[in-house]
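Position in the sequence shown counted from 1, then plus 242, gives you the working numbering.
Simulated from the structure, these hints should not be mistaken for lab results.
On a predicted model such as this, the values are computed, not experimentally measured, just so you know.
Please note that the accuracy of each hint is not assured.
[Said to hold, decoys possible] What follows is a list of derived Cβ distance ranges for each label pair:
1. 474 with 414: 22 to 28 Å
2. 393 with 340: 46 to 52 Å
3. 484 with 391: 27 to 33 Å
4. 329 with 364: 35 to 41 Å
5. 268 with 414: 38 to 44 Å
6. 330 with 293: 23 to 29 Å
7. 348 with 397: 46 to 52 Å
[Said to hold, decoys possible] Below, in silico cross-link-like pairs of lysine-lysine (DSS-like), each with a Cα-Cα straight-line distance of 25 Å or less:
8. 410 with 292
9. 370 with 386
10. 386 with 359
11. 247 with 282
12. 301 with 282
13. 360 with 385
14. 375 with 282
15. 317 with 292
16. 279 with 347
17. 316 with 301
18. 391 with 359
19. 370 with 301
20. 279 with 301
21. 301 with 330
22. 279 with 317
23. 292 with 360
24. 301 with 360
25. 317 with 282
26. 292 with 385
27. 385 with 370
28. 292 with 279
29. 301 with 325
30. 375 with 292
31. 410 with 446
Positions of the beta carbon are idealized from the N, C-alpha and C atoms, including for glycine.
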Amino acid sequence: MTKEKFIPQLIGRNEQAIIDETDNWEFCIHQLNHLQKPWKEYFNEILTPKILQDLTTIKPGGISRFIQLHWIDKKPELSKLAKSNHIKIDALIAITDFLDFESLKDDLFAVKDCIGKKLGDVFNVHLKDILVKGMFVFPDKLKKQIEEKNTHYTSNNRENLVLALTGKLCFYFNILNDLGANILDRDLPRTIEGNFETRATNKKYSDLKFRGLGEDKHQIPNLFPTYSMFLRESNSFLSLFENLTDQEVENLIETIG
Numbered sequence: 243m244t245k246e247k248f249i250p251q252l253i254g255r256n257e258q259a260i261i262d263e264t265d266n267w268e269f270c271i272h273q274l275n276h277l278q279k280p281w282k283e284y285f286n287e288i289l290t291p292k293i294l295q296d297l298t299t300i301k302p303g304g305i306s307r308f309i310q311l312h313w314i315d316k317k318p319e320l321s322k323l324a325k326s327n328h329i330k331i332d333a334l335i336a337i338t339d340f341l342d343f344e345s346l347k348d349d350l351f352a353v354k355d356c357i358g359k360k361l362g363d364v365f366n367v368h369l370k371d372i373l374v375k376g377m378f379v380f381p382d383k384l385k386k387q388i389e390e391k392n393t394h395y396t397s398n399n400r401e402n403l404v405l406a407l408t409g410k411l412c413f414y415f416n417i418l419n420d421l422g423a424n425i426l427d428r429d430l431p432r433t434i435e436g437n438f439e440t441r442a443t444n445k446k447y448s449d450l451k452f453r454g455l456g457e458d459k460h461q462i463p464n465l466f467p468t469y470s471m472f473l474r475e476s477n478s479f480l481s482l483f484e485n486l487t488d489q490e491v492e493n494l495i496e497t498i499g
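When you get a sec, could you build the whole thing from the sequences and use the hints?
What follows is the structure, encoded as structure tokens:
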């Protein structure tokens, strides 16, 4: 057998992470669009990336001051006073007659809290991408990045061998499962269970000629290679193959098929 070039193989996707990250972005974007109206009514302007970047860096207790400073900055006479150093900013705030901003403060707090808890620092990385013509959107580019980040591939032929072996074992376990064996990843030896994940099929045990080892109402499980098998500190299958030559690894991959 001649030496073959390594070709990355798809292991799997962290579907739950994709769902969670997508939901987090969609919720925060909804909150941001809700904030646009009260912000525009108060300041007669739309939110900008700079405003939102500043919002994410202040402490929760500083939102009132954030509004006051922006109000002063938007009023030419007040802004001129603030920059002249003839009056301290705290004194200027104290004598300025602000419009009531309690409702706006609550909205800003809700957005800041949402961004901090659900998105964190990644929000500012994509801020310019989600603001389009005064509206916040969830762009396809960002959706694709989330999917790609949570999609995992093998990085060498030894990992290809582990994936092929795991897939072959899944094939045989699932023959038994489809007959009612009810083999789950947690039933496997601890040294190898980290390579597998259990997913429910569309079939129920009540569909079987013989009920098998599960309850009628339950779905029949199948085993699959898990996306995280190489994200752990160690992989027992990889340890088994660490002393094999590259040629021996390729021979085994061909044998497993």
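Going down the list of hints, with the structure as the test:
1. 474 with 414: 22 to 28 Å: holds (23 Å)
2. 393 with 340: 46 to 52 Å: Once the Cβ atoms are compared, 49 Å apart, the range 46 to 52 Å for residue 340 and residue 393 holds.
3. 484 with 391: 27 to 33 Å: holds (28 Å)
4. 329 with 364: 35 to 41 Å: Since residue 329 and residue 364 have Cβ atoms about 40 Å apart, the given range 35 to 41 Å holds.
5. 268 with 414: 38 to 44 Å: Taking Cβ atoms as reference, residue 268 and residue 414 lie about 41 Å apart, which means the hint holds.
6. 330 with 293: 23 to 29 Å: holds (24 Å)
7. 348 with 397: 46 to 52 Å: holds (48 Å)
8. 410 with 292: violated (53 Å)
9. 370 with 386: holds (16 Å)
10. 386 with 359: holds (22 Å)
11. 247 with 282: Violated, at roughly 58 Å.
12. 301 with 282: holds (23 Å)
13. 360 with 385: Holds. Residue 360 to residue 385 sits at ~16 Å (cutoff 25 Å).
14. 375 with 282: holds (14 Å)
15. 317 with 292: At roughly 18 Å apart (the allowed maximum being 25 Å), residue 292 and residue 317 satisfy the hint.
16. 279 with 347: holds (13 Å)
17. 316 with 301: holds (22 Å)
18. 391 with 359: Holds, at about 20 Å.
19. 370 with 301: Holds: residue 370 and residue 301 sit about 23 Å apart, inside 25 Å.
20. 279 with 301: The given pair, whose Cα atoms are some 23 Å apart, holds under the 25 Å limit.
21. 301 with 330: Distance ~21 Å between residue 301 and residue 330 Cα, so the pair holds.
22. 279 with 317: Holds: residue 279 and residue 317 sit about 20 Å apart, inside 25 Å.
23. 292 with 360: holds (20 Å)
24. 301 with 360: Holds, because 17 Å separates the two Cα atoms, which is no more than 25 Å.
25. 317 with 282: Satisfied, since the Cα-Cα distance of roughly 15 Å is no more than 25 Å.
26. 292 with 385: Between residue 292 and residue 385 the Cα gap is close to 23 Å, so the pair holds against 25 Å.
27. 385 with 370: Roughly 15 Å separates the two Cα atoms, so the pair holds.
28. 292 with 279: holds (18 Å)
29. 301 with 325: holds (24 Å)
30. 375 with 292: Holds: residue 375 and residue 292 sit about 15 Å apart, inside 25 Å.
31. 410 with 446: holds (24 Å)
Checked against the numbered hints above, the structure breaks hints 8 and 11 and satisfies the rest.
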